[in-house]
Each structure stands twice: as structure tokens, then as C-alpha cells.
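**Q** Could you slot chains B and C onto chain A? The hints should help.
Protein chains in written order, with the numbering used here: chain A, 247 to 463; chain B, 936 to 1135; chain C, 100 to 434.
Because the hints were derived from the structure by calculation, they are not lab data.
Pairs of lysine-lysine, DSSO-like flavour, derived with a Cα cap of 30 Å: (1) B:K1108 / A:K447; (2) B:K1105 / B:K968; (3) B:K969 / B:K1029; (4) A:K412 / C:K149; (5) A:K335 / C:K176; (6) A:K335 / C:K178; (7) B:K1003 / C:K149; (8) A:K335 / C:K216; (9) B:K1025 / A:K307; (10) C:K153 / A:K335; (11) C:K156 / B:K1003; (12) B:K1025 / C:K107; (13) B:K1025 / C:K112; (14) A:K412 / C:K216; (15) A:K450 / B:K1108; (16) A:K400 / C:K149; (17) A:K412 / C:K260; (18) C:K260 / A:K400; (19) A:K307 / C:K103; (20) A:K307 / A:K252; (21) C:K112 / B:K1029; (22) A:K400 / C:K153; (23) C:K107 / A:K367; (24) C:K234 / A:K412; (25) A:K400 / C:K223; (26) C:K234 / A:K400; (27) C:K223 / A:K412; (28) C:K223 / C:K153; (29) A:K252 / B:K1108; (30) C:K107 / A:K307; (31) B:K1003 / A:K335; (32) A:K307 / C:K112; (33) C:K329 / C:K342; (34) C:K149 / A:K335; (35) A:K367 / C:K112; (36) A:K400 / C:K216; (37) A:K335 / C:K156.
Just a few of them, taken from the derived set where beta-carbon distance is under 8 Å, the chain A residues facing chain B: (38) P316; (39) V326; (40) V352.
C-beta atoms are modelled at their ideal positions from N, C-alpha and C, and glycine is treated no differently.
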Amino acid sequence: MNKYKKITLDGLIYQNPTFMLVLGTCPTLGLISSAFSSMGMGLTVLVVLTLSNIIISALRKVIPGAVRIPCYIVIIATLVTFARMFLEKFVPDLYDSLGGFLALIVVNCIILGRAEAFANKNGVLESAVDGVANGLGFTLALTIMGVICEFLGKGSLFGLQIMEFKIGMLATPAGAFLVYGICIAVFVYIIDGFERWRRVKANKLARENLLNAKEAA
Amino acid sequence: MGTFIAIVLAAVLTNNFITAKTYGICPFLGVSKKTSSAAGMGIAVTLVMVLATLVTYPIYTYVMVPLKIEFLEIIFFIFIIASLVQMLEKIIQKVSPTLYGAMGIYLPLITTNCAVLGVTELLIGDMSAILGTASMNIGWAVIYSLFAGLGFTLVMIIMSGMREKLNYYKTPKALSGFPIAMVTACFICMAFYVFSLISI
Amino acid sequence: MTVKQFFKSTAFKCILTLTCVLLISGIFLTIMNGLLAVSDAERFERAINKIYGKSVKTEAVAVANYNDNATIDEAYKVKDDGNYLIKATGKGGYDNGTVTCWIVVNVSGGAVKGIDKVVIESNKNQSYIDRVTDKALNQFTELYTDGIIYTQDLITNATVKGTKTAICNAVNGALDFVNAKLGNVTEDIYAEFDFVEYIETKLTSHEVNEDGSITFHIVTKGLKEPSGFKVDITVDTNGVVTKYEITENGSTSGAYSDKMHAGILDGTLFVGLDFAGIESILDNGISLPSDNSGTEISTGATHSNYLCLYAAAFATKNYDNEKLIVEDVEEGGQE
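Just chain A, with the same shape it has in the complex (with noise of 0.2 Å):
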């Protein structure tokens, strides 16, 4: 169980594609400015990122070594063919809004670098819980952002009009940069005070133990 509790840590935390490793940037940059199509960004990729790792990681016994990359990416350009389809039937608004970016997904490294760094090694089992975790990760940043952008570029939150208040600039790429990069350095911050504080007790706890240890002795 711990082991599945690591990918799952690791994928929303430790390595959230989006904050840590700074993966799919274009998507995220180009849709934040609408907290709607950012989390349907993030629920696609969610659904493709899983897909495509039990995919490949139940082939990966089957496909030769040399050819695995394309294999891969033609696997990647069926899922999200299928996605761009269920989408456009049954989604039409999230069609829309996602726009050119929809057919981008094929060449968002984080299914590719998932693919190549997970699921080709892995079980399917742990390959769906590495591409849900990954998902989850990158949606939550997307929202987290797309809230925030939309909150202040806009004055509004899922399309909904809150305030007359607006700093336009941040519903543009411009502000997607900016509050993207804020974003990172404050989730960095917060993980490394974080990492910081369990060495501390880490250690305070290691040294009581060393003195508990001694005094028994």
C-alpha cells in the first residue's frame, strides 16, 4: 500500500508536473485565463494521462525497444483523437473554449514523460494510479491558477460575474506568465519550508531518542 501512497504523493506534490517539473506549459499558459476551460484542460489530460499509461504499460512487454517512441505517440494521437470527438459531441462548450490546444495534448510532455519514465517499467495497476495522480496533480495546478487569473483578470469565477474590479493584464499571456511563475516560486517555497520542518523533527526526534537511549543506559 505505501508504495501506491508514494506515487500518488509524488505525482500531486513532490513531482506535480506542473509546479516541480514544469511540464506542459502551453496549455497551461494559453487556457488559464478561464478557470472553466483550464480544469476541462485538466480533466482531459487526466483522462487521456491514464488511459494512455494502462495502455502502455499492458503493451510494453509487446512492443520492441526500437520503435517504442512512435508506438507511443501514435497511441498518445488515437487517445486524444477519441478525446477531441467525445468532446466535441458531448462537451461542445469545453470544445470550444479548449480550442487549438485540444489537439496540442498529443505533444504535452507529461503523457510522453510519463509514458517513458513509468509506465514502460511498471504494472498497469501502478501505471493508472501514476497517471490519475499525475492528472489530479495537473489539474488541481490548472485550477488553482485558472481561479486566480480569471479572479482577477476578469472579475469573474467559472463564467460567473463577481466584481467590477479587473486587472486586465492578467487575463492575457502576460498575466498567465507572471502568475504562473508566482505560482511556482510559492509552491517551491511552501514544499522546501515543509521539507524543512520534518528534518528538524526528524532530527529533534532522533536526538531525544539518542538521550532517552543514553539515560537508560
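**A** Here is chains B and C on its own, set in the frame of chain A:
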């Protein structure tokens, strides 16, 4: 001539791939620490973009549309781009080892560059906002992708210049690396935003 | 390498795997495309529903133009409730531009009952189109009364005269179109008159006074910078202007209306003239004025001057038209 100017202005300034469309950000952030490598990457991307357009646009218009298999466009395009990049790498390696030394390391990265797939997808979509009354054809498509690539190179070089200067200053620990690069990019975007106010 | 060796080699395995993956992907996607493809009709219906706000069935109506200030681009009849959905382009915007809107015209019992919605689709040259808020557009719904003709001053909440004029023209065009389709055409009595190039014939009215003179309440069209003027001109039985008053100055700003010719502003230029007199001004240009001290008055508001001049020409030329007398009771009541 008017269409040509409109395409050049749109591709390089108003609809710049990095500052307006946010395509091709990975190399923009990853390979922009030195001006020489930024320029190499930019030229490599431009080359692949033009070649990819030359192949994908005719295939889409003259093969996929008549056969009604437009829905396979993503697979076709990514496959064409991947093979093109592989071929280009082998050819450059054979023909000019010096050029390969300068550009070779960037080529494998280009397959997964949004800018290349992005331009091919963009060109088969609705371009009427840029073309005006002129109709899309292979010539305009290649011109657009060429100048989009040059616009990409331009922003890459600007960015690398700023990052080289940034090395002289001390940045807070949390901001160093990607965050400060993104804040820098924010200012470039703001400067380029002014161009989007041009109306032709 | 023999054939047998080739079939056992890695190269063959690679090609085989890749081909299999490609084939399976292709077949899977073809099946999915068959199941999920969105047809053109469905796509169109979605676009319509987005404008209409709910899912409806429509049928296309043949387009025709009943109003010079607007072009009807597309028209649909909503099958569910009989309303009309019109895409109309209004002319006369800022810098000779146009605005294209979708207009939902509420129809029940064979008559137009109101405007349900106005959505701006696109525009030409209207750089301040963003200032036309939803609140402003909602006024088309709120202000609707039977036989209304929208003018830009009716619509508040937006400060862009030209753009509002174009939108009003589009909505008026849509109303005229639907009325014509429903067979409720009101006759435009001034349409055949002379000098109507710059006159809003549908907004203009007149009354016959007791002494036989006729008072025109003329509304002019807009011309590049100025929007329409409202001018009251009384013409006596001999065709001579006896009274002239600008009730609403359409000139863009104080600076421009100040530049207008003084004689045109207060009417001293026209009073006492018949059509021949006004025609000579038209033929010779407006450069004749000099004020009491004998100095030339510069005018930088040529368009505004011309609009007023045309209004005067319209009144004096048409004062004896038979149509004015026949319908005087109705027309007089309308103002």
C-alpha cells in the same frame, strides 16, 4: 501584397506564437539561457515548421479531405513531423557534421514541440481573420509558417538576451530558475501585446 | 539476409508492431468517428441554440431587403414558438462601418410582439463596440412598442453614437423584414419623394396647418461624422420656408456644431426661400455666407450643413405632393 504584409505582421508580431498563442513554451523556457543556443533552436524550429507545412498541408487538402478521413489528422500530422525530424537529423549528420554539431542536439526535442504541430493544425483551420478576402493555399501556408517560425526565433533571442543579463543579478532562492524566467517572459509578452493593437 | 532471417529479425518485429498499432488505432478511430461524428446540421443547430439560449428547431426563411439601412443576411423561423431569428447588418456606423447582429423577434398571433434578444456578432470599423454593454442591448427588449423605430438616442448606457446607429438600423431592418413576412407593411409615403437621399423617410412626419402650410418634422440620416438631425420646417402654400428650427443637433460635439453655418443653425439662411433658392445654394456650395460685419464665416462642419440643406430642399421640393394632404389626419396624429 496586402495579404503578404498582413500575414507577416500577424505571424511575427500580432499573433506571435510565444507571446500571443503560447505555443512552443518548453524550448522557450528550456533552451533560452544562451543566445547562441536560442538562435540555433529557433532556426531548427523554423526549418521543421516550414517542411512540416509543405508536407502536411497538401496531404490534408488533397488526400485526407477527399477521402473524408480528416478525423485522423492528429495521427497523420504527428507521424509526419516525427519522421521529418528523424530524416532531417540523419541528413544533416551526413551532409554537414558542423551544422549537426550546432543544431543536432535540438532536433530530437522538436518532435514534441507544440509550435510545429500547432502551426500545421492552425493552417488547416479557419485563417480568414488574417487572410481577409484571399483564400488559403499552399503558398500562403508556407509563408505563414516561415514567418511564424521567424517570430518564434525573434522572441527566443530576446528572451535569451534578457536571461544572460539576469545572470548578473541575485534573485531570491524561491524565484530562481523557472519563476524568474516566467516573470521575464511576462514583460516580453506585455511589450508584444502593444502590437496586437495594430489593425490592418 | 535470407527471407527467413528477415522474418525473424528485430526490424521485422518493429515494422509489424508499428503497423499493427497504426491499424488498430485507425480502425478504432474510424468506428468512433462513425459513432460520434457531429454533422453539419447539428453544428449549425448548436450555433443557433447558443444565440437563442435554448434548444429549438428552425427553418430557413428566404431573405429579402425591406429597409435601405440594413441588410438581412440570414433569417430563420423558430418552429416551436413562431419567433423569428434574424441575422442583420446595420449600416451607418462610425467611419461608414457596419454592425452585424443576431436579433430574436418575438412573434405571436401573426404580429410582432417585441424583441427578445439582440446579440452582436461582428462589426466593421467599430473600435468602441465593447462599450455597447448587454445593459444597452437589453433596452431593445424593454423599449419595444408597436411600430417603434429605434434611434441611437433611445439606447443609453453606451456612448458611441455611430455604433449604436448601426445596431439600431440592424434591429429596425429585422423588424421591417419580419413585418413584411407577416404581411404587416406600413406604407412609406415619402419613399417616392425627391431629395430623400439623406432623409430617414420612416421617421419623418408632417402636419397640415389651418392656413394650408405644411410643417415637416424631418429626421435626417447620419453622414460620416454627424448622426441624424431633427429639423422642423414649415413651408407655406407657395413653397416658401416660413419657419425653420433644429430640434436636435446631430453634430458630434459642441466644437462641430459651433462650426456650422450660423444661418443654417438658426434658419435665417432658409426663411423666405423657395425650392429654387435652396437649389441655388446646393448648386453653388455653401461658401456664400458672410456675417453682419461682412466677413466670411469659416465652416468646418460641411456634413452637418449639407444634412440641414437637404432637409430644407426636401421640404420645399415636396410641399405640394398630393400624398401629404390625403393622409394628413393619420400622419399628424403620429408625431
